[in-house]
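Residue numbers (our numbering), protein chains in the order written: chain Z, 664 to 1154; chain W, 664 to 1154.
Calculated from the structure, these hints are not laboratory results.
Among the clues, some could well be false.
For chains that are exact copies, the list does not tell them apart, and a pair is met inside one copy or across any two.
[As the list claims (entries may be wrong)] Listed next, the in silico DSS-like pairs over lysine-lysine satisfying Cα-Cα at most 25 Å (straight line): (1) K735 to K763; (2) K949 to K763; (3) K1136 to K735; (4) K880 to K716; (5) K711 to K1081; (6) K995 to K1081; (7) K827 to K1000; (8) K1000 to K1100.
Protein chains: 2
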Amino acid sequence: MSHKASNGVSCSSKILTVDNMNPNVRRVEYAVRGPIVHRALQIEKELKEGVKKPFSEVIKANIGDAHAMGQKPITFLRQVLALCTYPELLEDNKFPDDAKQRARRILQACGGQSVGAYSASQGIECIRQDVARYIEKRDGGIPSNADNIYLATGASDAITTILKLLVCGEGRTRTGVMISIPQYPLYSAALADLGAVQINYYLDEDNCWSLNVAELKRAVDAAREHCNPRVLCIINPGNPTGQVQSRQCIEDVIRFAKQERLFLMADEVYQDNVYADGCKFHSFKKVLFEMGPEFSDVVEMASFHSTSKCYMGECGFRGGYMEIINMDPEVKAQLTKLVSVRLCPPVPGQALLDLVVNPPLPDEPSYSQFMKERNAVLANLAEKAQLTEQMFNTIPGFICNPVQGAMYTFPRITLPQKAIDKAKELGQVPDMFYCMKLLEEEGICLVPGSGFGQREGTFHFRMTILPPTEKLKVMLKKISEFHQRFTQEFS
Amino acid sequence: MSHKASNGVSCSSKILTVDNMNPNVRRVEYAVRGPIVHRALQIEKELKEGVKKPFSEVIKANIGDAHAMGQKPITFLRQVLALCTYPELLEDNKFPDDAKQRARRILQACGGQSVGAYSASQGIECIRQDVARYIEKRDGGIPSNADNIYLATGASDAITTILKLLVCGEGRTRTGVMISIPQYPLYSAALADLGAVQINYYLDEDNCWSLNVAELKRAVDAAREHCNPRVLCIINPGNPTGQVQSRQCIEDVIRFAKQERLFLMADEVYQDNVYADGCKFHSFKKVLFEMGPEFSDVVEMASFHSTSKCYMGECGFRGGYMEIINMDPEVKAQLTKLVSVRLCPPVPGQALLDLVVNPPLPDEPSYSQFMKERNAVLANLAEKAQLTEQMFNTIPGFICNPVQGAMYTFPRITLPQKAIDKAKELGQVPDMFYCMKLLEEEGICLVPGSGFGQREGTFHFRMTILPPTEKLKVMLKKISEFHQRFTQEFS
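Taking the hints into account, I'd like the entire structure generated from these sequences.
Below is the structure:
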């Protein structure tokens, strides 16, 4: 790849080029912040510079970023974080006592009583204990040990760390990792980066994106021909698909993982985001332990949670944790060593996590406001989940499963053959062509289904349900109009 | 590795064991948080439980963690961060106007005006612009472009990201990376993790740990026999060695990098930590551009900075940045894509970085207090640097170079042959044996020189100069007494 740069020097004289860089990095893709988002940012700049467009703002429904979409931070969380950051405020009467008490406890656990000190690499001990108590409460008393909790720089960090531990072998013995299709592209990106083999299993779109163990079996059997399947990744509630797994389904998955000797990774970052009637979040840990020691003594697992989703939406703090279960003690020592190289997760994110797992109690002064704010966020999300499904299902050519949980919808869209041909002509995948046109014409930024994976010949997009209700309604109407126009144009 | 676990089940039945885990991870070592620190934490617990020891507290001089050693946060930094975290405080009269103005500007650059929103993956644009202005000012007007600035989760994150880009090839074509010995073990850990080839070049202990280009040449020539040397890493001011490179030395290194076609990585996180008379920090960027277009148009480089060191010592926030120079635009696009997978660096750390590169101006209300606090920290460090060198050089068997910069001393210690033999008997490296004994007898936690690398047959330890002056004096005295006792015991 030799060509002239603007200064006339041949670029092939560079030490580092795309041809001699890390080939795994080249293979990494991450659609949630891919070319369409890049173009959305350009359009925003053009709008600022006064360029005329058929719209006055870009609505970014590409990423689960609640605060960017106008959701207000929960007062209690931010009060405690401000107190931890600037402890002089502990003398201020404006802050409630329970917020001060939480801040004092966190500061006492910090080196030099400052959130500016490094923490233990695994995370601050008293916060890990709070996480363990939270898990026990969530899971009806099943014990959780703080030694098995690792705090992290968001769940993404924890997920890639566990994947990294699990990768070994070459050729047919290379580690294979089973991921759902559609998937959250952190998984495919991390696997490309690590040079692991991606094993696709397909969710059943006709059955609310449910997971079918027969499909898992098909996928693992096929994969054993060319790699060593060792890991099964589950996202529940689903991203981008929004389904909530039944207890029975989780039991089947655990049984399958045991039988096929797969390390289970349960991505449960949307555990508080469940909206649909009759749906309930069941943690993999709880189901595993309810299945008895035959399973709970042997199935190796890691589960992941985050401060970025649920009612908090505090993405910028990069807080999260994982709980490891039945990990070989020697491997666990290796994990502890590995995370120590990066010193520690951001301490403000750790402090935030502590509040999430240890929120105000009914007899504390902040309780009623906290619950009011929290419930308002979740009720609003539930309303928007339903609104989106209903509206999409009125558009001819759209089929939209219920948004049972999480914060996305992943409707299936029919694209006319002429549009598919046109996209091919332009060297684009058809749903990218569709989403790019939607962005240019309506200022709406979605992510094409191809960025998450979908069955050959089907097309989708992922849209967050996060914009404020009125803006969401406008957006849904615009999408509807666009789709009908698009269908006509290419008929 | 098959053995019985407590429940009687053979551990060899685990899916993930040390024998089948990622072999690169197994090779990772990070002495700064290694076995000695593990033991220090145990001893702290024992003290709390009332176990009698010849000391009442463990002094942890193993890690550059200023706040943990009692350094107070800089008021202005924390005020702005508290305002960003809990914007209701913008109405509070207790906060100075310049702090409020900084906070408003940062919030306006955040999605939904919240530090809880994701930022652009490369970092918030106005902060990257402030970083570029800071670099220009530091470097006497040499231009810096915000497009070339990438914010990161501490400098460690940025360093491993650049190393990851550079790794390719197999066997004799595998990427080789030149690192100083002694080194900061992030480098050896990252290289092990990436499966890159570590190429050691030795700093000259007899000349204040200076870098000699003849030694670089020796190392690269030897390495070309078995790998493809592509990268040269420099730490200036030095960690663990505390030397500050002369302008001439930097020029020689740049000339060498150009000649040998090496990508330069300049770790400059201690750039404000320069204490010795006649020493001055010269950035690699500035020297590169002063050498003229013959160099500044072609030498590919990345330089790194952090919010964790200097006068701030805000390790817990995990803030940092890198500036890339002359990177191939296609590779830069790959870098941008790669960092997008982790979404963004922690936003509070980004905000903190903004204040570090854009501190109060002389006509602003916070200026005088800010300068007073900043200068007090740096003056105290300079005093402790000198004190440490002087004291160590009075101990028979110690040779200690001046601590010209950074925040560590790395004295050479003479160990009696009997102690070396005893260590071998125990299966320990001799300086680990020494440091472990010092920890057990005096409660002082240092890192053995072997964790950083040292010339065969020499022994050192790394000690931070961060404890408060009075505690540092006690510690130095205890080390002196211990060393004399140790020498006698093994004579």
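Exercise for the section: Indicate which option fits the pair K949, K763 if close means a Cα-Cα distance not exceeding 25 Å: within, between, both or neither. Expected result: neither (33 Å within a copy, 47 Å between copies)
Exercise for the section: Measure nothing new, just compare the shortest in-copy and cross-copy C-alpha distances for K735 and K763 to 25 Å and report within, between, both or neither. Expected result: both (21 Å within a copy, 20 Å between copies)
Exercise for the section: At 25 Å max between alpha carbons, let me know whether K880 reaches K716 within a copy, between copies, both or neither. Expected result: For K880 and K716, the Cα distance exceeds 25 Å both inside one copy (50 Å) and across copies (59 Å).
Practice task
First find the shortest C-alpha distance between K827 and K1000 inside one copy, then the shortest across copies, and answer within, between, both or neither for a cut-off of 25 Å.
Solution key: both (13 Å within a copy, 20 Å between copies)
Practice task
If the cutoff is 25 Å on CA atoms, where do K995 and K1081 land: within, between, both or neither? Let me know, please.
Solution key: Result: close neither inside a copy nor across copies, 55 Å intra and 36 Å inter.
Handout entry: Alpha-carbon proximity context of K1136 and K735, limit 25 Å
Key = within (20 Å within a copy, 50 Å between copies)
Practice task
Using 25 Å as the alpha carbon limit, work out where K711 and K1081 are close: within a copy, between copies, both or neither.
Solution key: neither (35 Å within a copy, 75 Å between copies)
Exercise for the section: With 25 Å as the alpha-carbon cut-off, assign the pair K1000 and K1100 to within, between, both or neither. Expected result: Classified as between: cross-chain Cα gap 23 Å, same-chain 48 Å, threshold 25 Å.
Consistency note: the structure conflicts with the earlier hints numbered 2, 4, 5, 6.
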